[in-house]
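J.: Here the protein sequences come in this chain order: A and W.
Anchor point for the first sequence: position 46 equals 48 in this note's numbering, and the numbering is continuous, going up by one each time.
Anchor point for the second sequence: position 23 equals 34 in this note's numbering, and the numbering is continuous, going up by one each time.
Source of the hints: derived by calculation from the structure; they are not laboratory data.
Careful, some of the hints might be misleading.
[What the hints assert, rightly or not] In silico DMTMM-like cross-links for lysine to aspartate or glutamate, where the CA-CA straight-line distance does not exceed 20 Å:
1. K133/A with E242/W
2. K117/A with D96/W
3. K218/W with D127/A
4. K43/A with D96/W
5. K117/A with D39/W
6. K43/A with D135/W
7. K43/A with E93/W
8. K43/A with D77/W
[Said to hold, decoys possible] Between beta-carbon pairs, the in silico distance windows are:
9. R78/A with E192/W: 50 to 60 Å
10. D65/A with P82/W: 26 to 36 Å
11. V29/W with R78/A: 25 to 35 Å
12. D226/W with R78/A: 22 to 32 Å
13. D9/A with R53/W: 26 to 36 Å
14. D226/W with K117/A: 27 to 37 Å
15. R78/A with P82/W: 22 to 32 Å
16. S111/A with P191/W: 39 to 49 Å
Glycine is no exception: its CB is placed at the ideal position from the N, C-alpha and C atoms.
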Amino acid sequence: MPDRLKDYLAAFDDIPGTRVYTTERARQGYWLNQFCMSLMKPENRERWRADERRYLEDWQLTDAQKEALLARDYNRLLDLGGNIYYLAKVFSTDGLSFVQAVSTMTGMSVEEYQKMMLAGGRSPDGQRSVKEGR
Amino acid sequence: MARITAGLATSHIPLIGVAIDQNRGEEDYFKPILAAYDWTRRWIIQPENKPDVVILIYNDHASAFDMNFIPTFAIGCADSFEPADEGWGRRPVPTVKNHAELAWHIAQSLILDDFDMTIINKMDVDHGLTVPLSAVFGQPKEWPVKVIPLAVNVVTYPVPSGNRCWLLGEAIARAVASFPENLNVQIWGTGGMSHQLQGARAGLINKEWDQRFLDDMTRDPQRLRAIPHIEYLRETGSEGIEMVMWLIMRGALSTQARELHRAYHVPASNTALGHLVLENVE
């Protein structure tokens with residue numbers, strides 16, 4: 003059983019450009035994601051917009067998490083335990099759609115990303131496995 | 012006796028809700044998205060098809076549940092549920108009314124059948140549940156069916172396996188069959204199809220894989236229940252895993268279930284829209 007779990011989790015790291023939201027990330031990102039949830043309330047959104055840095059002081063976040071939030075560096079936030087459905091509260095507060103926010107993680111402009119989606123999306127070829135290069 | 016007459020599968024992409032709520036269905040981008048449901052909208056209002064109750068399998072997207080509560084399988088047993096404010100106000104859709112007696116019956120039956128359900132009374136329901144209702148029923152003043160919400164964790168890993176989802180579906184079918192009231196019940200599996208909302212690989216769409224999944228919902232459903240998480244992740248993007256929820260629906264239907272309608276369209280936002288209606292052939 004321990005080996006089965008190890009293999010199960012190890013395979014996730016072989017997927018290119020993807021952070022699977024494991025319990026390890028859930029543990030690391032607990033406060034980061036709970037901070038995101040706080041933005042579900044209009045009064046909190048207002049306080050956040052008024053002074054982001056100050057609002058973050060109320061939360062037990064690491065400096066790296068705080069800086070990544072202020073920079074809206076979503077790939078970094080995923081690395082630091084953020085989950086995309088929680089981070090969505092941050093970019094929704096910024097008035098961004100999923101397409102707009104998601105494109106910032108791909109190194110493409112919003113326009114390029116939208117064009118790719120209209121053309122049928124990103125092909126899975128070469129995107130399935132780092133090790134196997136398929 | 013209550014009986015499951017049909018199964019329905021559909022994506023629950025928030026943008027479908029936006030198109031309907033903002034009456035933007037005539038825009039070129041939205042036309043093919045809403046057209047996916049034209050057949051279903053006509054079919055479901057026929058008296059012989061119209062369900063009394065829909066068991067709606069969906070996942071919460073950090074709306075009712077946060078990092079404090081992560082139930083693998085949860086069933087809503089209250090009399091009603093309000094649409095969630097997901098951060099930009101509640102969707103302008105009716106309150107969801109439950110068939111609480113059937114919901115409690117299913118909860119009890121499932122637990123005795125070895126499925127340790129989480130029972131929820133107070134919860135708001137997000138786009139995962141309300142978008143499929145809008146796609147199929149449009150903008151009524153009241154939803155024309157009772158809805159039993161059944162929420163599945165597909166966000167924090169490990170999520171339940173496809174096989175476990177299938178077995179839950181079978182147990183739901185047994186639960187419904189043992190309810191004495193004469194009810195037409197449908198089961199809806201929602202989410203998917205291929206999509207990835209995060210990282211450098213975001214935007215991934217796998218039409219070939221999705222099409223085979225749609226085919227095998229009737230042709231070879233036994234293959235589908237054995238698909239491991241890693242295959243969903245590699246082939247259909249990190250959010251394609253939602254398709255395990257379709258297997259709860261499929262597990263609740265008979266082996267001979269027949270496809271009545273199918274639609275597939277790319278893109279709807281970041282996602283491949285998939286939709287199926289299956290008749291439960293006894």
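J.: Decide, hint by hint, whether the structure agrees.
T.: For each hint, the structure was consulted:
1. Between K133/A and E242/W the alpha-carbon distance is near 15 Å, which keeps this suggested pair within the 20 Å criterion.
2. Between K117/A and D96/W, the direct Cα distance comes to roughly 31 Å. Violation of the 20 Å bound is thereby established for this hinted pair.
3. Of the pairs offered as hints, the one joining K218/W and D127/A holds, with about 12 Å between alpha carbons and a cut-off of 20 Å not exceeded.
4. Distance check on the hinted pair: K43/A and D96/W sit about 9 Å apart at the alpha-carbon level, within 20 Å; holds.
5. Restraint check: the Cα-Cα separation between K117/A and D39/W comes to about 15 Å, which is no more than 20 Å; the hinted pair holds.
6. With a C-alpha separation of about 14 Å, the suggested pairing of K43/A with D135/W holds against the 20 Å cut-off.
7. Taking the CA atoms of K43/A and E93/W, the gap is about 16 Å. The hint holds against a cut of 20 Å.
8. Pair hint K43/A plus D77/W holds up; C-alpha atoms about 14 Å apart against a cutoff of 20 Å.
9. Taking the beta carbon of each, R78/A and E192/W are about 54 Å apart, inside 50 to 60 Å as hinted.
10. Checked against the given bound of 26 to 36 Å, the beta carbons of D65/A and P82/W, roughly 33 Å apart, stay inside it.
11. The given range of 25 to 35 Å is respected by V29/W and R78/A, whose C-beta atoms sit roughly 29 Å from each other.
12. At roughly 40 Å, the beta-carbon separation of D226/W and R78/A lies outside the given 22 to 32 Å, and the hint is violated.
13. Between D9/A and R53/W the CB atoms are about 48 Å apart, so this pair departs from the stated range of 26 to 36 Å.
14. The hinted range of 27 to 37 Å is satisfied by D226/W and K117/A, whose Cβ atoms lie roughly 30 Å apart.
15. Checking the proposed 22 to 32 Å range against R78/A and P82/W shows it holds: the Cβ atoms sit about 30 Å from each other.
16. The given range of 39 to 49 Å is broken by S111/A and P191/W, whose C-beta atoms sit roughly 60 Å from each other.
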